[in-house]
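There are 2 protein chains.
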Amino acid sequence: MKAAIMGYGTIGSGVVEVLETNRDMIAKRAGEAIEVKSVLDLREFEGDPIHDKIVHDYQVIAEDKEIQIVVETMGGVEPAFTFVKAMLEAGKHVVTSNKALVADKGAELIALAKQHNVNFLFEASVGGGIPIIRNLSHCLTADVVEEITGILNGTTNYMMTKMTLEGSEFDDVLKDAQEKGYAEKDPTADVEGHDACRKIAILTSLVCGQQVDFEDIHTEGITKISATDIKYAGAMGRAIKLLATSRKSGDTYSAMVAPCLLAPEHPLYSVNDVFNAVFVHGNVLGDAMFYGSGAGKLPTASAVVADMVECAQHSSEHIPLEWKANKLTLADYRETDNRFFVRTTAEETAIKEIFGEVTFVRAEGVTGEMGFLTEAMTEGAYEEKVARLGAVIQMIRVK
Amino acid sequence: MKAAIMGYGTIGSGVVEVLETNRDMIAKRAGEAIEVKSVLDLREFEGDPIHDKIVHDYQVIAEDKEIQIVVETMGGVEPAFTFVKAMLEAGKHVVTSNKALVADKGAELIALAKQHNVNFLFEASVGGGIPIIRNLSHCLTADVVEEITGILNGTTNYMMTKMTLEGSEFDDVLKDAQEKGYAEKDPTADVEGHDACRKIAILTSLVCGQQVDFEDIHTEGITKISATDIKYAGAMGRAIKLLATSRKSGDTYSAMVAPCLLAPEHPLYSVNDVFNAVFVHGNVLGDAMFYGSGAGKLPTASAVVADMVECAQHSSEHIPLEWKANKLTLADYRETDNRFFVRTTAEETAIKEIFGEVTFVRAEGVTGEMGFLTEAMTEGAYEEKVARLGAVIQMIRVK
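So the sequence lines, in the order shown, correspond to chains X and D.
With the numbering used here, the residue at position 89 of the first sequence is 167, and numbering never jumps.
With the numbering used here, the residue at position 167 of the second sequence is 245, and numbering never jumps.
Worth flagging that the hints you see were computed from the coordinates, not collected in a lab.
No false leads were slipped in.
Output of the computed footprint for chain X on chain D, the stretches with three or more beta carbons under 8 Å from beta carbons of chain X:
1. 205-219
2. 341-349
3. 361-371
4. 375-388
In this text, a Cβ means the ideal position worked out from N, Cα and C, and glycines have one as well.
All chains should be modelled from the sequences, with the hints used to inform the complete structure.
Structure, rendered in structure tokens:
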């Protein structure tokens with residue numbers, strides 16, 4: 079079976095490496111050998127064994143009748159969308175690692191794949207090597223998934239882990255992450271939560287079977303988390319993690335991306351460094367968690383290649399995937415219940431008067447302020463109370 | 079689509095409950111409603127809504143042309159094996175939660191299912207609700223799985239967790255587990271590691287594609303773990319867990335079931351109470367972990383019903399599953415490398431003379447003995463050294 083790769087960057091070259099490393103075993107599982115025939119890239123890669131396979135025009139691949147599977151690892155919505163559409167319309171299976179494309183055009187591309195009796199698979203778009211898409215769509219089929227909570231961004235998890243272990247400030251840790259290649263020069267997509275937001279939008283779409291627009295998800299990043307917050311977290315025996323959450327709420331879901339304080343009992347508490355993990359609660363399964371490398375060349379390529387194997391196994395069959403284009407209106411996040419940890423310069427009496435029963439928290443060496451933990455209340459109720467209290471330095475949600 | 083259940087105990091009745099609870103969603107995913115037509119049991123269940131469906135002769139189900147899926151939740155090898163064989167030969171899909179049957183007859187029943195173009199699925203036989211079978215056979219298809227380490231027995235994990243938290247002795251914790259219904263009156267299968275042994279045999283068979291006989295797996299239970307061992311573990315900042323391990327070793331695998339000391343960095347360290355988890359290392363994926371309820375009525379039934387949905391989705395197609403009848407000769411466990419924690423009354427000088435570089439460990443309040451941690455060595459080398467040292471109170475492997 080011949081394949082093509084569009085975009086010979088980190089993931090694209092990882093796919094070539096995985097196909098070579100595990101060639102025989104992949105052939106056995108796929109039913110036949112998978113061979114990369116063409117690679118679409120603007121560059122030439124002179125001297126690289128891939129050089130002979132480089133093409134610069136996606137139409138060459140679309141028109142190549144021999145190529146049955148096309149891998150898209152370019153990233154971004156355009157031109158990836160135009161290229162992927164052309165491949166599906168040409169009757170080729172498409173596998174992608176591109177979360178931006180999937181979050182934006184998933185429903186449309188699945189419908190197009192169905193129309194042409196091929197598959198559009200995107201395991202690598204969420205959680206890197208963790209097979210979370212396949213678990214949600216093909217494994218947990220007896221359950222109504224009532225909650226998904228994920229650590230879906232390796233960069234920010236690395237940063238939060240380092241801040242926790244070393245007590246360092248956000249800016250220093252960001253610099254370290256950039257030096258190590260974990261964070262990009264422009265780290266906005268990671269640290270502002272946009273990346274995690276697209277991923278939880280994809281997972282929520284799969285679980286509800288409708289289009290969830292990532293723009294509708296209330297998203298807060300980790301840029302405001304400080305070493306002082308970490309001290310308070312330590313005093314409570316908790317860890318701060320950037321969580322992407324989706325919860326069933328009546329006939330719809332409520333979704334949010336925000337830093338949260340996790341207790342040691344929570345399965346996500348000990349997920350550190352660049353690892354990702356997805357906690358799932360099913361109405362009959364109960365709690366489950368899927369953990370692994372959320373990024374990186376080979377783990378992500380492993381997920382891409384597993385999708386290629388699935389395409390080979392179902393080369394003349396569309397595997398149904400429930401994700402329709404009709405949009406799901408998410409519940410207003412202001413109606414979601416949460417507990418809140420608040421740092422304030424307000425007086426104890428004022429706090430008690432407005433918030434009622436709270437737990438005060440003091441962190442060693444922190445003066446001129448204090449922290450308190452509220453009982454559960456809606457986001458809306460919290461906003462109203464905090465406007466009355468004023469003098470708030472920081473708020474972090476509590477899981 | 080009509081189904082039958084053989085054995086209306088905890089899991090069997092759980093399957094009925096899950097099918098009812100999530101009826102509409104299951105029908106949507108399966109492509110049609112799944113209805114239980116017959117239930118095989120020796121009892122009558124007068125007054126129970128299931129009473130009308132009770133049959134006492136498995137031939138009634140085998141001969142019922144309307145029934146396409148049969149669930150086996152009786153447990154034990156016989157008569158389950160005879161019944162399941164009859165159902166497959168009658169062209170019915172079979173789904174089971176019975177680890178004893180699968181470990182013993184898995185290869186044979188898969189071959190029989192293939193011959194009759196039906197499926198024999200057994201997700202619930204390992205890890206309860208955790209979809210570990212599906213992950214190994216259908217998700218991680220791009221990887222060579224180099225290690226599987228599982229906490230596969232909820233009873234013993236509950237007991238080890240309680241011993242760790244409360245410092246109590248094995249016998250007291252066993253009594254508590256029996257009172258809570260987590261341990262059976264005869265707890266041998268759990269506490270001696272036989273249950274975990276069958277499960278790691280199944281997982282290893284799936285990974286290597288050959289028959290792994292559970293009798294070949296070196297198995298040690300938790301009956302010799304004492305409150306003093308827990309004190310030493312605490313002194314080392316580690317936890318003792320009953321681990322079932324399978325590691326690629328050249329062209330074969332080495333497998334073992336034994337209590338092990340885990341460091342806090344290990345993903346299985348914080349898997350507590352009755353939860354199960356399976357750690358997997360793939361050659362390109364790296365580390366991954368799957369966590370969830372390893373037992374219990376509804377989680378296990380959730381896995382059974384997910385298998386039923388898969389049968390409905392592939393009602394006229396055998397899904398290939400690589401598990402041939404030819405036996406895999408496991409590597410001799412004496413050739414496996416491990417680190418060992420040893421409690422002894424021997425002198426420091428004797429220990430150093432025989433074991434070379436070791437780390438001594440002392441636990442608060444424990445006198446007249448001491449502990450030490452060895453460097454990595456083969457099991458065979460350890461046995462030879464310890465025979466020379468003598469005076470050994472306890473040995474626990476270190477992960």
